[in-house]
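Peer 1: Residue numbers (the numbering used here), protein chains in the order written: chain A, 1 to 311; chain B, 1 to 77.
Honestly, the hints are just simulated from the structure, not real lab data.
Don't take every hint at face value.
Selected chain B positions facing chain A (Cβ under 7 Å, derived; list incomplete) [to be verified]:
{"id": "1", "residue": "9"}
{"id": "2", "residue": "10"}
{"id": "3", "residue": "19"}
{"id": "4", "residue": "20"}
{"id": "5", "residue": "33"}
{"id": "6", "residue": "37"}
{"id": "7", "residue": "48"}
{"id": "8", "residue": "50"}
{"id": "9", "residue": "51"}
We put the CB at the ideal spot given by N, CA and C, even for glycine.
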Amino acid sequence: MKERIHKDVVIIGAGMAGLTAALYCGRMNLDTLVLENGLIGGQIANAVAIENYPGFVSVNGGDLIATVQKQAETFGAVIDEFDEIEKVTLKTSPKIIETQEKIYEADAVIIASGMNRRKLPLPEEKKFAGRGVHYCELCDGHAYDGKVIAVAGGGNAAVDAANFLTKYATKLYLIHRSQFRADEVSQKRLRANDKVTIMLQTDIKALRGDKKLKEVEVFDKTTGETKTLAIDGIFVNIGVEPNTKLFKDELTLTASGRIPASEDCRTELAGVFAAGDVREKEVRQLTTAAADGTTAALLAEKYLAKLKVAI
Amino acid sequence: MVKVYTTATCPYCAKVKRFLKSKDVEFEELDIEKDPAAREACKKLTGIDWAVPVTTIDNEHYVIDYDKEALEELLCL
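Using the sequences plus the hints, can you model the full thing?
Peer 2: Okay, here's the thing in structure tokens:
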């Protein structure tokens, strides 16, 4: 039988929003637990150099998140990155979060579950995953030292990955189905590199190889031309999707799968807050994730104070 | 002895190491970026030129990536 444990606040997700919420909750002496099924740090755990977070000229994502984690833990928040959540019940009071090993009863829940990386939507993806198709340039980039690399995607993550991988590549193709969405500074850096060929308005149609990836077939939507590029590996950064599967029976989700909540991070359920990229909003940056985490924690504390008075 | 093939910058490698420590599993870490012999051994084990993290207990059975269930099965946790 699973042990039942009460917590003032359970935070789901240990990205920037979740850890900032944990830091604030900890400082308010709330009994706080953070549950993370994936990587602590979420999307920024893979970021090589973050240049748009105030206070740092340039900071490695792993280093930044380790500092925020330390801050949260210093103030008493507990982070569990190994006990995976199986089910949540949010309409009750207290809310129930059942993990593989325990059942947590929480008076307030902050959902900061972030986003998951999209896989390359091609039938050959599985065949070449780890054998030429990669999703982590920090893990696998070095394997392509002196090789030809492609990067799929046109957002900040893709362009930053491409800039990082130029240190290994003899030739790098940036392939994106539409126009750039990345910051101008990152685009400019990539364009200035002689090794790089940028292919916008270009779809990836097929991956080819025997045991290992050797070629990609691409279709230039502007010229109508199909080309085959000889490459050794491709790093995929084609966007993210909200990590909200756990909550679909508990909360109304938007068409994009995110949680509707206004700037105060309050959801339709009392005591349940949504923070960071998982919240439906127009701007999703590291800074706004930290801001959401702050707001959600402070308003969760207010909610808990009222709850105690009511009891 | 459990072996974990890693690189210094790989966040999933760090998670596997934290998981093993949380279960009090002693392990030897081999950085395939710095150690060509380790890279070759990892390639021989998995058939993949570059894969991290890879955890093995007997140089025969292994788990690629952080996969909690698979690691628990491999290490009989």
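Peer 1: Give a verdict on every hint.
Peer 2: Cross-check of the supplied hints:
1. 9: 4 Å, holds
2. 10: Holds - the Cβ of residue 10(B) comes within 7 Å of chain A, reaching about 4 Å at its closest.
3. 19: 6 Å, holds
4. 20: 11 Å, violated
5. 33: 5 Å, holds
6. 37: Hint violated; residue 37(B) Cβ to chain A Cβ min 16 Å, cut 7 Å.
7. 48: 6 Å, holds
8. 50: 3 Å, holds
9. 51: 6 Å, holds
The earlier numbered hints that this structure contradicts are 4 and 6.
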